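Protein chains in written order, with our numbering: chain A, 1 to 310; chain B, 1 to 310.
Derived from the structure by calculation, the hints contain no laboratory data.
Take these hints with a grain of salt, some might be off.
For identical chains, the list gives no copy identity; a pair is met inside one copy or between any two copies.
Heads up, simulated EDC-like pairs for lysine to aspartate or glutamate below, C-alpha to C-alpha not over 16 Å straight-line [as the list claims (entries may be wrong)]:
1. K14 to E110
2. K304 to D212
3. K106 to E299
4. K85 to D302
5. K21 to E58
6. K187 to E285
All figures in this text were calculated on a predicted structure; none of them were measured in a lab.
Number of protein chains: 2
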Amino acid sequence: MKICFIGSCGHSHKAFREMQKCPDALFVGAAPGSEHESPEDLESYDIKIYDSYRRMIEETQPDVAVVSPVFGLTGQIVKYCAERKIDVFCEKPVASDLSELEALEKTVKESGIHFSAMHFLRFAPSFYAAGKLVRDGGIGQIKLVNAQKSYKYGTRPHWYTDRSLYTGTIPWVGIHAIDWIYYFTRKRFLTIDALHFGNPEMAALCQFELEDNVIASVNVDYYRPVTASTHGDDRIRVVGTEGVIEVFSDRYVLINKDGETVNYPTEAPMLACDYLFGREEITAEEIFMLTKVALSARESADRKQKIRID
Amino acid sequence: MKICFIGSCGHSHKAFREMQKCPDALFVGAAPGSEHESPEDLESYDIKIYDSYRRMIEETQPDVAVVSPVFGLTGQIVKYCAERKIDVFCEKPVASDLSELEALEKTVKESGIHFSAMHFLRFAPSFYAAGKLVRDGGIGQIKLVNAQKSYKYGTRPHWYTDRSLYTGTIPWVGIHAIDWIYYFTRKRFLTIDALHFGNPEMAALCQFELEDNVIASVNVDYYRPVTASTHGDDRIRVVGTEGVIEVFSDRYVLINKDGETVNYPTEAPMLACDYLFGREEITAEEIFMLTKVALSARESADRKQKIRID
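Input sequences plus hints: build the corresponding full structure.
Below you can see the structure in the form of structure tokens.
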């Protein structure tokens, strides 16, 4: 299975490391997604470097492209690959605005390619295990969900202040929290109201009405102090009729009729590796839906208006 | 100083216990606020019981009335007292809807009475100390706030399902979280979007835009399992440009440039006692504003519409 890498932004190196564990994987090349990337970033792949992904594709005829350019360009490059029937494993958000997303979904579906995206955080072991427990009825009927992403800002590329290249903090970071909400509840998103401030948006809030009278919120920020013990403070708290579960980066705390327990799961599927094996841990349908919710939330925050999702 | 008690719902017994520490306090009587209360509840005051608060007021000519009836009747009884120039220390919410609130604010101001309300949770030692630290600049400029109220439902009176008597979960419980947001930030509330479900509302979410680009959220639920170690899981998390502080029921965790510290404050003013001494830990202006925000949030949730606060 011939695999090429387009771009080295985001989590493409995580995909690379996972795919190295797949015996059939043959890495045929890497190329920048655009002039916004520095060639040094590609060298760490330790595979043949091309300066043009178009030429790389032509020369190597890959089966799979791992697409991870400057975030705002993902959709264009996915489209380029889909039109050439190359399977795609790409960064999220898979499109930079709602109209690009709609066109891309159509292109991908018509192409028949195997398509997935780097929703890696659903497969962080604590979230993955807790989500399974909740979906299996472990806290009764779900009523309320709060999800959190808090990161250190650190040093980030200059293009984070260019919306057309960065896409925004809700689509780039908040989408993971939106993904968790869906993964835990499996409920449709009905309405969104969101707020964000800064460039890049340094803090954001989203509030969702889901089907079956479930309500959910997301808070995102880039203000985690440099002194904090971990890069991120990821959380989800799910309140049900029979218990409350709260997931932190490395553990979940469950309170139910039997009392309180703390669990540190360590096992979860490897998304990128499983993708190569043809397993669908997350479907293309889900990815397009989650991207739509995230981009709609960004629009809600931009317009400061509540939005109904159709 | 002659003090009477009207009603025994809510936190009137906490007010009673605090006021007992005030040497000038003379407890002249207690009476139900309405037929919805059971006489046994009044007996625990261990003072003379009247069956009518009107007759009690006429006979005892009190200086202060502690007003804590079925929640929806608070405003009417406060009005009755204010019109007789009796100082009032009452339960929150101080009014049951926005029009009653507007009229009550006018009546109270014109009466010149000393007026305060049972926003006790601002004075929970961990919240009080953390709020002071944040207002003194301990985490830089505030950007994002999340506040939580989670309670066991336990056994509650039948009138919790009657909106006209209960007022609703956002005005009754959520108002404490709204109070914290204001106490920590001192920012004006500009817009509200809220959601709630159930009768009584068993879960609620509020999202606020505050002035100076500060964003805030509240989550409330009554689903805390009976097995949990405490009745409530109260929290506020405040994210600033120079640090993050998170308050739990009994402690606060601060992460700033010096690292992470956990603190267990034990000291805070006694609101009811200080009220008798004429000290203003919370002003009447603040109480009316906070009640307006809470009642507006309930309206937003009822209508499922975002509301601008004028």
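Hint check results:
1. K14 to E110: Answer is neither; intra-copy 29 Å and inter-copy 67 Å both fail.
2. K304 to D212: Classified as between: cross-chain Cα gap 15 Å, same-chain 25 Å, threshold 16 Å.
3. K106 to E299: neither (22 Å within a copy, 41 Å between copies)
4. K85 to D302: neither (36 Å within a copy, 50 Å between copies)
5. K21 to E58: The answer is neither: 26 Å in one copy and 85 Å across copies each exceed 16 Å.
6. K187 to E285: Answer is within; shortest intra-copy Cα gap is 14 Å, inter-copy 42 Å.
Hint check: violations occur at hints 1, 3, 4 and 5; the rest are consistent with the structure.
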